[in-house]
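Visitor: Chain residues, written in single-letter form:
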Amino acid sequence: AQTVTQSQPEMSVQEAETVTLSCTYDTSESDYYLFWYKQPPSRQMILVIRQEAYKQQNATENRFSVNFQKAAKSFSLKISDSQLGDAAMYFCAYRSYLQGAQKLVFGQGTRLTINP
Amino acid sequence: DTAVSQTPKYLVTQMGNDKSIKCEQNLGHDTMYWYKQDSKKFLKIMFSYNNKELIINETVPNRFSPKSPDKAHLNLHINSLELGDSAVYFCASSQDRRGTGNYEQYFGPGTRLTVT
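Keeping their order, the protein sequence lines are chains A and B.
Per the numbering used here, numbering through the first sequence is continuous, rising by one, with the last residue being 147.
Per the numbering used here, numbering through the second sequence is continuous, rising by one, with the last residue being 144.
Simulated from the structure, these hints should not be mistaken for laboratory data.
Cβ coordinates follow ideal geometry from the N, Cα and C atoms, glycine included.
Mixed in with the good hints, there may be bad ones.
[Unchecked claim] In silico BS3-like links for lysine-lysine, alpha-carbon gap of 30 Å or less:
1) LYS109(A) / LYS72(B)
2) LYS68(B) / LYS101(A)
3) LYS64(B) / LYS37(B)
4) LYS50(B) / LYS101(A)
5) LYS104(A) / LYS69(B)
6) LYS99(B) / LYS72(B)
7) LYS95(B) / LYS109(A)
8) LYS109(A) / LYS68(B)
9) LYS104(A) / LYS37(B)
10) LYS104(A) / LYS50(B)
11) LYS72(B) / LYS86(A)
12) LYS95(B) / LYS50(B)
13) LYS95(B) / LYS104(A)
14) LYS101(A) / LYS37(B)
15) LYS109(A) / LYS99(B)
16) LYS101(A) / LYS99(B)
[To be verified] Label pairs and their computed distance ranges (CB to CB):
17) SER105(A) / VAL40(B): 38 to 44 Å
18) GLU83(A) / ALA31(B): 21 to 27 Å
19) GLU110(B) / SER105(A): 25 to 31 Å
20) GLY44(B) / GLU83(A): 42 to 48 Å
21) GLY44(B) / SER105(A): 26 to 32 Å
22) GLU92(A) / SER67(B): 27 to 33 Å
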């Protein structure tokens, strides 16, 4: 079974600086998708960025980028120029395909605090 | 226009009661999901339905019974509520059942269930 591990329960960063959130996963599949979701205090799950495993190029979305290391099964999220609105729980997720359907397997989450 | 909606957003009830949470999506997706987020923020899939057919059931107690009257709705009924059922329940939907393609899961706002 696939597992996702986020080893940093909490992180903090100064506003305008850069922070990297770590994620590792375990799978025997060769083709899959990885995601980072953001959950602010409103508890809405918001997709931040996605990565397709067969693409070697790291995904980027404005200030958000990933470092995808397929051989190491590592998928870290870098947030540049941190803003107060980035404060949230961040979840790394693996999209598994099982029993004819997809499901998301989530990591434990990292709580990110932005210091003004 | 809300893509995935859930009612109610908050639900407080006593042990032993039966309650339902409703979910509706207006995205035209054919697959819907229920996820549970526990007190430690850990998210785990419970069920998945495709075109009203149950395709994933992740060892959830049979007090939990999902019902899909049509592919735009997936309700969650919980019998004989227990203290441990207290959590946030998220509904989600996606377009692609087969796990291929760039089809993300869209989440509802969540329902916070508190059992006293």
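Visitor: Take the hints in turn and mark each one as holding or not.
Guide: Verification of the supplied hints:
no., hint, in the structure
1, LYS109(A) / LYS72(B), "holds (25 Å)"
2, LYS68(B) / LYS101(A), "holds (29 Å)"
3, LYS64(B) / LYS37(B), "holds (14 Å)"
4, LYS50(B) / LYS101(A), "violated (39 Å)"
5, LYS104(A) / LYS69(B), "holds (23 Å)"
6, LYS99(B) / LYS72(B), "holds (22 Å)"
7, LYS95(B) / LYS109(A), "violated (40 Å)"
8, LYS109(A) / LYS68(B), "holds (24 Å)"
9, LYS104(A) / LYS37(B), "violated (37 Å)"
10, LYS104(A) / LYS50(B), "violated (37 Å)"
11, LYS72(B) / LYS86(A), "holds (27 Å)"
12, LYS95(B) / LYS50(B), "holds (9 Å)"
13, LYS95(B) / LYS104(A), "violated (37 Å)"
14, LYS101(A) / LYS37(B), "violated (39 Å)"
15, LYS109(A) / LYS99(B), "violated (37 Å)"
16, LYS101(A) / LYS99(B), "violated (36 Å)"
17, SER105(A) / VAL40(B): 38 to 44 Å, "holds (41 Å)"
18, GLU83(A) / ALA31(B): 21 to 27 Å, "holds (23 Å)"
19, GLU110(B) / SER105(A): 25 to 31 Å, "violated (38 Å)"
20, GLY44(B) / GLU83(A): 42 to 48 Å, "holds (47 Å)"
21, GLY44(B) / SER105(A): 26 to 32 Å, "violated (46 Å)"
22, GLU92(A) / SER67(B): 27 to 33 Å, "holds (31 Å)"
Violation of the numbered hints given earlier is confined to hints 4, 7, 9, 10, 13, 14, 15, 16, 19, 21; the remaining hints are satisfied by the structure.
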